[in-house]
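For the protein sequence lines, the chains are A and B, in the order given. Adding 2 to a residue's 1-based position in the first sequence gives its number in our numbering. Adding 21 to a residue's 1-based position in the second sequence gives its number in our numbering.
Simulated from the structure, these hints should not be mistaken for laboratory data. For clarity, every value in this text was computed on a predicted model and none was experimentally measured. All C-beta atoms, glycine included, are put in the ideal place defined by N, C-alpha and C.
From the structure, some residues in chain B lie toward chain A, with a derived Cβ separation under 7 angstroms:
no.	residue
1	R23
2	D24
3	W25
4	G39
5	L51
6	M111
7	P114
8	F121
9	W139
10	W149
11	A286
12	L305
13	M306
Below, in silico cross-link-like pairs of lysine-lysine (DSS-like), each with a Cα-Cα straight-line distance of 27 angstroms or less:
no.	chain 1	residue 1	chain 2	residue 2
14	B	K220	B	K127
15	B	K220	A	K32
16	A	K32	B	K127
17	B	K29	A	K121
18	B	K223	A	K32
Anything over 12 angstroms on all C-beta distances counts as not near chain A; from chain B, calculated:
no.	residue
19	F73
20	Y82
21	N90
22	L91
23	A102
24	G175
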Amino acid sequence: MATDVSIAPPLSIRRARRKPRPTPLEYGRKRWLQIVVAFNFLFLYFPIFSLIAFSFNNSKRNVTWQGFTLDFYNQAFHNQGLQEAFARSIIIALCSTAVSTVIGALLGLALYRYRFPFKGPFEGLLYLPIVIPEICMAMAMRSFFGRLGVPLGLVTITISHIAFSFPFVAVVVRSRMSGFDESLEEASRDLGASPAQTFFNVTPPYMTPGIVAGALLAFTLSLDDFVITFFTSGPGSTTFPVKIYSMVRQSVTPEVNAASTVLIALTLTVTVIAMWIQSRSGGKSIAS
Amino acid sequence: MRDWRNEKAAFAILGLPGVFWLFAFFTIPLALIWVYSFCASDQIGAIIWDPFWSNLSLDAYRRALEWINLGIIWKSVWSGALATIICLLMGFPLAMAIAFAPARWKNPLLLLVVLPFWTNLLIRTYAWIAILRTRGFLNASLEWIYDRIAALLGAIGIADALPPFQPLELLYNQPAVIVGLVYVNLPFLVLPLYATLEKFDKSYLEASLDLGASQWRTFFSVLVPLALPGIVSGTVLTFILAIGTYLVPDVLGGTNSLMIGTLIARQFMEARNPPFGAALSFLLMYTTFALLWLRAALAARSKGVDF
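In isolation and in its complexed conformation, chain A is listed as follows:
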């Protein structure tokens, strides 16, 4: 019967059902946009991935893949200069993190709790180490230590690292505290706790995720910094990034790539932990 024919939808609709064409606003399904996005990600990742891949490549200088090896890791691991630089970087990062976490967390809490004169300008000043070009801060620190006659070395590097790290900690802790419910403190007081008890038992547990995230951020900032470290370091205080820099100046070898890969892995791990703590505690992302 002819009715069978009329039940079947027209050809164009049938085709549409099989693979619906993107609606005008589904930009994500437009071919040209997918190509642009793919190009962007290729651009962002190719340099890093090729660097990591060639740290495993069994060849000294070729641009072709010659097989997998861990020789260059072994070589980098036994390179005494790299070893010492790595130990120095870790020591500096730990000291800088300890100090900047304490003063940053306290300052973040002060900024959250108190109204005080010139608060606006002070906050602006606190943001300065974050926004000014690194080279300007590096030169200021270098001139400052030079004027005081302090020999450049581990101490000057650590002081400078604290100076640019603790504002980040203060900002992270403060943004964490902005979600704090003041009625918790009132409840504690109502239930008979003294102001000191309230302060030590109610506020710090709430701050903890912010403090930990801030500390991890300070650690990676210190571990990764090159420009300020380079200009506040003296002979015998080469850090890991500075050592990598001096090796790159001679030649980009698989050994440098291996050392770099170790640093990348270390920073990424610390950052991922920080992100995880922050997302678990419902705080704001540190990436923004």
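Position chain B relative to chain A; hints supplied.
Only chain B this time, still in chain A's reference frame:
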């Protein structure tokens, strides 16, 4: 929020360590080179101190206006601007794709954008050496393509039409610096753009398309004007970061691809002219502050716009 006067002791304990560090190890060093910028220095680069401040002058600032230095400043500005424009051309479609992607794709894609800037800046920069050098990946790929074309021409009988492949000089020049600037700053442009496009009400686009405008017209007359706060915020941030960079021209640039950052470092080091370096630092910082202020002012103004 409480008044500090009611809890002076607690306020002091919380605030003073940070205030001390910020003043002693940041503000004073900056103030010191600010004073340096008005001083003179001797042959070995030592600042000449005068107890009566009588030798203060603007000589160092005047020096920034000399042709050779203006040339370097100009080079920084156009390199920064060009890098920013390329970032915008690459980053806008990317931000758009993420903002219009299905919800479950958004966070993974964003994470992919920010992940590279958690890797060390120096490493990210020098990674380009392996790509751009004479026997690097890019030249190797180009040679491969070139050889295929040559073979193809050989097959149709004009074998000698092409001379042997000459590797391109891609590293240690200004284009390499610009590639590096785009690479390290791209995420700084994509994030603010994404933040704006994400809040954007898509029904404006639907309305525009329903009323008969083409996709192009909708893009340029509806999407771009409404995304302008994000575009301005991202481009200003990228430009600030690009002109103030030290590392990228140092690692990827050649002997004459100096930028302001390199020039500043050189004054404090080999050139032994700290006053001039200090003056340049402050000119760079004033530019940074002016642009940040502009960005904040524009952001405040655009708050009135209904998204």
